[in-house]
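Q: Chain A is fixed; fit chain B onto it per the hints.
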Amino acid sequence: MHRIWDHGGPLTVRDLFDELREERNIAYTTVMSTMDNLHRKGWLARERDGKAYRYTPVATREEYSARLMREAMAAAGDTEAVLSHFVAQMDGSESAALRAVLAKLAGGRA
Amino acid sequence: MITALALLGYAVCAAWCVPALLAPLTRRGASVRAGLAAWLTAMASVLVSVAVAIEISFRTVAADWPQLTQALCRSVAGSACTPAVYRSALYEGGTAALAILTTLLAAVALWRYVHRVQRSRRQTRAHAEAARLVGRALPDGIAAAGGVPGAGATWHRPAAAVVLDDPRPAAYCVAGRPAAIVLTSGALQVLDPPQLGAVLAHERAHLAHGDHLLQTLTQGLAAAFPGVPLFTRGAAEVARLTEMGADDTAARASSRPALVAALLAIATGTVIPTTGIPSPGAGAAGAAGAALPSGALPAAARAVPDRVERLLCPSTPARSAAFTAALAFALAVLTAAPLALTLLSTT
Chain A
1 MHRIWDHGGP LTVRDLFDEL REERNIAYTT VMSTMDNLHR KGWLARERDG
51 KAYRYTPVAT REEYSARLMR EAMAAAGDTE AVLSHFVAQM DGSESAALRA
101 VLAKLAGGRA
Chain B
111 MITALALLGY AVCAAWCVPA LLAPLTRRGA SVRAGLAAWL TAMASVLVSV
161 AVAIEISFRT VAADWPQLTQ ALCRSVAGSA CTPAVYRSAL YEGGTAALAI
211 LTTLLAAVAL WRYVHRVQRS RRQTRAHAEA ARLVGRALPD GIAAAGGVPG
261 AGATWHRPAA AVVLDDPRPA AYCVAGRPAA IVLTSGALQV LDPPQLGAVL
311 AHERAHLAHG DHLLQTLTQG LAAAFPGVPL FTRGAAEVAR LTEMGADDTA
361 ARASSRPALV AALLAIATGT VIPTTGIPSP GAGAAGAAGA ALPSGALPAA
411 ARAVPDRVER LLCPSTPARS AAFTAALAFA LAVLTAAPLA LTLLSTT
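Residue numbers (the working numbering), protein chains in the order written: chain A, 1 to 110; chain B, 111 to 457.
In isolation and in its complexed conformation, chain A is listed as follows (with noise of 0.2 Å):
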C-alpha cells in the first residue's frame, strides 16, 4: 500500500511488480492476488486498461490517517471501536488544568 501511495499515479499489477522484483523475490501472482485483496476491501480504485487493471488509490495516506484519528480521538461515545487509550482522551480545559497541577508541582519543587 505504502509503495502505491509513494508512486502517485495508476498502477498496473506489473508495474508493481517489476518495481518490487527488485529488492525481493515476490511470485507475480502475490503481488495480483494482494491488490486484488486492497481493491474488495475499498482500499483501491481500478479500471480496465487493455487487458490488464490499473489500480489506484481510492483515497491518500494523509485522509486515512486523519480518518483515524478523528475515530480515535472522539469522545467515548461517538465512536464504537474498542480501543484502550494509553492516556484518555481530554478536552482542552481538561489538559490545561492537568497543565496547570504540573506546573505548580514543578514550581514547588524548584
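It is worth saying that the hints were derived from the structure and are not from the lab.
Quick reminder that beta carbons are idealized off the backbone N, C-alpha and C, glycines included.
Each hint should be verified, as a subset may be incorrect.
Unchecked claim - Derived lysine to any residue pairs resembling SDA-like cross-links, with alpha carbons at most 25 Å apart:
| # | chain 1 | residue 1 | chain 2 | residue 2 |
| --- | --- | --- | --- | --- |
| 1 | A | K41 | B | M111 |
| 2 | A | K41 | B | E239 |
| 3 | A | K51 | A | L20 |
| 4 | A | K41 | B | R287 |
| 5 | A | K41 | B | H225 |
| 6 | A | K41 | B | I210 |
| 7 | A | K41 | A | W5 |
| 8 | A | K41 | B | R229 |
| 9 | A | K51 | A | A66 |
| 10 | A | K41 | B | D275 |
| 11 | A | K51 | A | E19 |
| 12 | A | K41 | B | R235 |
| 13 | A | K51 | A | A97 |
| 14 | A | K41 | B | R232 |
| 15 | A | K51 | A | S33 |
| 16 | A | K51 | A | E71 |
| 17 | A | K41 | B | Q233 |
| 18 | A | K51 | A | V13 |
| 19 | A | K41 | B | R231 |
| 20 | A | K41 | B | L243 |
| 21 | A | K41 | A | F17 |
| 22 | A | K51 | A | M32 |
| 23 | A | K41 | B | S185 |
| 24 | A | K41 | A | T29 |
| 25 | A | K41 | B | L441 |
| 26 | A | K51 | A | T12 |
| 27 | A | K41 | B | P304 |
| 28 | A | K41 | B | T385 |
| 29 | A | K41 | B | V443 |
| 30 | A | K41 | A | A27 |
| 31 | A | K41 | B | A236 |
| 32 | A | K41 | B | P336 |
| 33 | A | K41 | B | V227 |
| 34 | A | K41 | B | R420 |
| 35 | A | K51 | A | R67 |
Claimed, not checked - Between beta-carbon pairs, the in silico distance windows are:
| # | chain 1 | residue 1 | chain 2 | residue 2 | range |
| --- | --- | --- | --- | --- | --- |
| 36 | A | A66 | B | A207 | 51 to 59 Å |
| 37 | B | D275 | A | Y28 | 53 to 61 Å |
| 38 | A | A66 | B | S455 | 19 to 27 Å |
| 39 | B | L298 | A | K41 | 26 to 34 Å |
| 40 | A | Y28 | B | L298 | 51 to 59 Å |
A: Then chain B, alone, in the frame of chain A:
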C-alpha cells in the same frame, strides 16, 4: 411465583445499589483482579436472577393453565361461577403479563447487546486493519526498547506497533486480527526510549490480558441497559481497573518513574524527564499526594493523577489484603443472595 418476584426485586435493588457500594472499594485499584471479579459477578448475578425469574413465571403460568381454563369454562357455562375463579384468573393474568413484559424487555436488551457488539467488532477490526495499512512501522531499535518481545502476541500474530502522523500525542491499542498498537508522531516527540518502552509494555499488557474482550462485553451491556447504573457505571469502572492492571504489568516490565513520566508526557503534550519523577517509596508519598490535588480536576483529567498517585504510592500489602477481603465478601454476597432467595422462597 414468590421466588420470581423476589429475584426480580433483588435484581432491581442490586442494579441500582451495588455500584454505589462497589465503586469506593475498587476506586483506588488496590486489588485489580478482585475488583474486576466483583463487578463482573455483580453483573452476572443480576442477569441470571432476571433470567431465572422469567423462567419461573412462565412455568407457573404453564402449570396452572389447564386448571384455570377448566374453571373458566365451567364458570362461563354458569355452573360454578365463584369469586375464587375470578381471583385466580386475575392472578394468572397478572403473572402472565409480568412474564411477557420482562421477556420483552430482556429481548430488547439482548437485541441491543448483539447489535452493539457486532458493530463495535466490525469497527474495531476495520480500525486495526486501516491502522496497519496507513501507519508507518515503528523503527526496530525503538520498538525493542524496554518491551518484552512477544508479550503482546495474541493467539494469531504479534501486535505490530505503527506510527500515524498527527501532532496530538496519543497512544492506544486496537484489537483486531492481528491487533495493532498505534502511536502518533506527536507521542514519539514527547517520549524518550525508556518511556516509549513503558507505553508499549502498557498497551501489550492490554492485549495480553484480553482487556478488549472485557471492554466489548461491558460496553455491550451498558448499551443494552442504558440508564442502569450497574452496567453504565460498571463499564467505566471496569475500564478504569483494566488501565490500572496494564499499568502494573508495564511498571514491572519497565520502571515506575518511566511509566509515570510517559503518562504525564502524553497527557500534557510536553516532554517530562524521567529523572524529575520521584521514585516510589516513602519520600514520594507526600510529594505526589500533596502535588496532585485530584479533587479540583475534571473527571477525564483526574484519571491521570489518580493513576500517577497509585503508581508512586502503591498500597501497602495490608491495605491491599483488606480491600481484597472486602471484595471477596462482596463477591460471596452477590453470588449467595439470589441462591438464598430461591431456597428461602421455595421451602
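Q: Against the structure shown, which of the earlier numbered hints fail to hold, in ascending order?
A: 1, 6, 9, 13, 16, 23, 25, 27, 28, 29, 32, 34, 35, 37, 38 and 40
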